[in-house]
Amino acid sequence: MESQLSSLIVSLEEKEAIDECLRRLVEDTGATHAMLLDKSGQVIASHGQVERQDTTALGALLAGTFASSREVARLLRERDFRVLFQQGVRENIFTALVEEQWMLAIVFDKGTHIGLVKVLTKKATEELAAILERVRQEGKLRDEVISTSFRTSMEDTIDLLFRD
Amino acid sequence: MALINIAAREIHCKIVYYGPGLSGKTTNLKYIHSQVPKEAKGELLSIATETERTLFFDFLPLDLGRVRGFQTRFHLYTVPGQVLYERTRVAVLNGADGVVFVADSQRNKLEENVRSLQELARNITRQGKRFAEFPVVLQYNKRDLPNALPVAVLDRYLRYRTSDGNLVERFEAVATTGRGVFDTLKAISKLVISKL
Chain A
1 MESQLSSLIV SLEEKEAIDE CLRRLVEDTG ATHAMLLDKS GQVIASHGQV ERQDTTALGA
61 LLAGTFASSR EVARLLRERD FRVLFQQGVR ENIFTALVEE QWMLAIVFDK GTHIGLVKVL
121 TKKATEELAA ILERVRQEGK LRDEVISTSF RTSMEDTIDL LFRD
Chain B
1001 MALINIAARE IHCKIVYYGP GLSGKTTNLK YIHSQVPKEA KGELLSIATE TERTLFFDFL
1061 PLDLGRVRGF QTRFHLYTVP GQVLYERTRV AVLNGADGVV FVADSQRNKL EENVRSLQEL
1121 ARNITRQGKR FAEFPVVLQY NKRDLPNALP VAVLDRYLRY RTSDGNLVER FEAVATTGRG
1181 VFDTLKAISK LVISKL
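Chains as they are written, first to last, in our numbering: chain A, 1 to 164; chain B, 1001 to 1196.
No lab work stands behind these hints: they were computed from the structure.
DSS-like cross-link-like pairs, simulated, lysine-lysine; straight-line CA separation at most 25 angstroms:
no., chain 1, residue 1, chain 2, residue 2
1, B, LYS1195, A, LYS15
2, A, LYS123, A, LYS15
3, B, LYS1190, A, LYS39
4, B, LYS1186, B, LYS1038
5, B, LYS1129, A, LYS39
6, A, LYS39, B, LYS1195
7, B, LYS1186, B, LYS1129
8, A, LYS110, A, LYS122
9, B, LYS1041, A, LYS39
10, A, LYS39, A, LYS122
Under 10 angstroms between C-beta atoms, here's a sample of chain A residues computed to sit facing chain B:
no., residue
11, ILE9
12, ILE18
13, THR56
14, GLU71
15, GLU138
16, SER153
Just a sample of chain A residues kept apart from chain B, beta carbon distances all over 12 angstroms, derived:
no., residue
17, GLN87
18, LYS110
19, LEU120
We put the CB at the ideal spot given by N, CA and C, even for glycine.
I would like the entire structure built from these sequences, with the hints used as guidance.
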């Protein structure tokens, strides 16, 4: 059973490895944009033409869509639902699951062939799965970040900001 | 599971407003959105039907600014409350760090509240988490209505003991006017932070 007390902590090193993986994926496929999301919808890393889009909202929606499609698959008694393809007029989005924790979303236009995206995304998800495995081991970093004084500062900020 | 990004110095937490249909989940988010300073909030995103009933979720990102060097973000979501959307609620609940359960205080809504809370417990358990340990705050909404049940009655049916032996925290609210909305948000935020 997953402990509620654990957070997922991405270290500097692992973040660089993730960035490199996304950069290569965008370059090799000619896609416009690649994002790594947590299943909760939070954006872990993003590469490409990000400034044109609201990545926060995009992350929330993509994660929601994926989770929803997964429920549809479950109703259809699919055993293992791992990828989702959205075909647009201008741009397409291919989303693939990384283990059960993360999602890799890649946005591409007509200039990129879906077959290439599928193949290279599969390779990238394997790399990311290895990184995720290392991130899961990083629990010890937690105490360096989440100290008692951090919690106190956070509570003060909450009191200051969350009021009428 | 909260996400701590050391490289980008960011902390993200996800809070979900759960509860039966028309209990005031979206109203909570709308009120928060109207009051939080501009620099601390993003757009309120709603996926709703033409009649303004939530179809998928509402989403409000809040940015608390830097806390000891870490950019801290809370993402607030609501679920669609109507019974038929149960599987959609499962999807939105995915990866949540804390839940505000918004109950409708009206006498004729008691059964719906109880069922919805039971469903929440079931869905949290299905995610592999222990419900009694999971950060939850109750909000008894619509306290201004003449047919609102006494708090003691709602307590009897909804307020449960958490794993540390204490009763789960609960707040009275009138989300339309904002009463109790921020008390609820503060309580769940602190609870989530305490469990990071």
